[in-house]
Amino acid sequence: MSDDIDLKRPDLYINRELSLLEFNARVLAQALDERLPLLERLRFLCIFSTNLDEFFEIRVARLQELQALGSTQAGPDQLGPQELLVAIGERVHQQVDIQYRILNDTLLPALAQQGIRFVARGDWTAEQASWVRSYFDNELAPMLSPLGLDPAHPFPRVLNKSLNFIVALSGTDAFGRRIGNAVVQAPRALPRIIPLPDDTPGQHDFVFLSSVIHAHVGALFPGMEVKGCYQFRVTRNSDLFVDEEEADDLLRAVEGELQSRRYGDAVRLEVADTCPQAMTDYLLTQVGLGPGDLYRVNGPVNVNRLLAVCDLPDRPDLRFATFAPGLPAPVHRGGDAFATLAKGDVLLHHPFESFLPVVEFLQQAAADPDVLAVKQTLYRTGPDSVIVDALVAAARAGKEVTVVVELRARFDEEANIALANRLQEAGAHVVYGVVGYKTHAKMSLVVRREGKALRHYAHVGTGNYHPRTSRLYTDYGLFTCDPAVAGDVQRVFLQLTSLG
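Per this note's numbering, residue 169 is the first one in the sequence shown, and the count goes up by one each step.
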């Protein structure tokens, strides 16, 4: 019967990009699950936003590039770039509408019942209004540089995902100029969610930075009348292009590309839903987008900034209970990792079992005078990584340390460049893998002298060497000194560090 199936039928295939959107829809659905703690539901709403940002920065950006090149090539599902962009737009508009309805109709009222309020401008008390004015005058206004738009002051190329305001004005400024519109860019150094003073135990009142700017934007344009003020955000193409065949130094090439990421081509425009059509048309023209790329939102254009509220220290009752991972029977905190592995393999299942043995394995390797060499792959490891600390200590102790750093780990490129420089300064050998490929392998190898022979200890896993995410993501890690497995790991490192 299988012989009768036409494998070219488009309905047999699920489009990758549309599948990603359905995955993100399941993330969004968690925000409605009343079985989850309230702040965790808010966290899922924010994760939905960050996922969607990356989807536009990478996936939609590539499709728009193909469309601009005139490509009509379709995949097995028979969707070409144009058809796929239309389908994505329809689905994302639906999802964003659901997201803001969840925020406004469900989560914000529920948070208010728990004493966590986001106070709108019209609801400020006299005391709060006075405090906000003082904050604007002393903290915010000195950092603002409003840009009146005229032939001498063209529309600025606003930063990727930054908070901005388009202001409609009437009247004349101090130079007698009539400026119809102006742009105010919110300072990146200031938080988007500002706590209001409140001595009431358990009460948390916040105000959005956008509300503060909106309330006092008139002070930035003396002598002129503000007819309207509308927040907007531009998402830009953030995919890096590095021609590895032509690059003499991959690290420097990636560094150069990072400078342009913040100002790539626009791929999405988000505006307040109160923004007049004429103004949105103006914004679309200025950023080079069409009507299908516009997303009107009933609330803050940067929902993911609400993550700052998800970890309120005095409200553990609104978060998941702290989970303490265990250790497998052969492993003891602070125990001799090499003696343990000499007795047999150890399998770790994260996050249910602790990542600590991985950290201690490398720390002990750095301090052990019998360890001669350490080899390590790094894809994502986080800031102030204890893994990198251990590798630096090993290099400074005179051991041969080789680290394969993946410079193109998306949105971790800058962090990985910094840790690569730090490792090199400590004396480690740092390489960037095989040209044309990303190194996703998760491996450690320690070479130790034991008597008259060298013994290889290996760790291979499915997850990053990232102590923080190891507490969240489900992964496996295997410790072994089995010569067959450790020998394979050694051969993989030889491939990664030579010419492949």
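Wrong hints could be hidden among the right ones.
[Said to hold, decoys possible] 20 Å max Cα-Cα, derived SDA-like pairs, lysine to any residue: (1) 329 - 527; (2) 176 - 244; (3) 610 - 648; (4) 606 - 623; (5) 610 - 649; (6) 511 - 652; (7) 511 - 634; (8) 176 - 240; (9) 610 - 593; (10) 610 - 564; (11) 620 - 589; (12) 610 - 527; (13) 610 - 581; (14) 610 - 621.
The hints are simulated quantities; they were obtained by calculation from the structure and are not laboratory data.
Hint-by-hint comparison with the structure:
Distance restraint check for residue 329 and residue 527: the Cα-Cα separation of roughly 35 Å exceeds the 20 Å cut-off, and the hinted pair is therefore not satisfied. For the given pair, residue 176 sits about 7 Å from residue 244 by alpha-carbon distance, which is consistent with the 20 Å threshold. Among the hinted pairs, residue 610 with residue 648 is consistent with the structure: their alpha-carbon atoms are about 14 Å apart, no more than 20 Å. Among the hinted pairs, residue 606 with residue 623 is inconsistent with the structure: their alpha-carbon atoms are about 29 Å apart, more than 20 Å.
Restraint check: the Cα-Cα separation between residue 610 and residue 649 comes to about 16 Å, which is no more than 20 Å; the hinted pair holds. Note on residue 511 and residue 652: the hinted pairing holds, with a Cα-Cα distance of about 16 Å set against a maximum of 20 Å. Distance check on the hinted pair: residue 511 and residue 634 sit about 27 Å apart at the alpha-carbon level, beyond 20 Å; violated. Distance check on the hinted pair: residue 176 and residue 240 sit about 18 Å apart at the alpha-carbon level, within 20 Å; holds.
At roughly 23 Å between alpha-carbon atoms, residue 610 and residue 593 are farther apart than 20 Å, so this suggested pair is violated. At roughly 23 Å between alpha-carbon atoms, residue 610 and residue 564 are farther apart than 20 Å, so this suggested pair is violated. About 36 Å separates the Cα atoms of residue 620 and residue 589, which puts this hinted pair outside 20 Å; it is violated. For the hint linking residue 610 to residue 527, the alpha-carbon distance of about 14 Å falls within 20 Å, and the restraint holds.
Our distance criterion of 20 Å between C-alpha atoms is met by residue 610 and residue 581, whose separation comes to about 17 Å. A threshold of 20 Å between alpha carbons decides the hint, and for residue 610 with residue 621 the separation of about 26 Å lies outside it, so the pair is violated.
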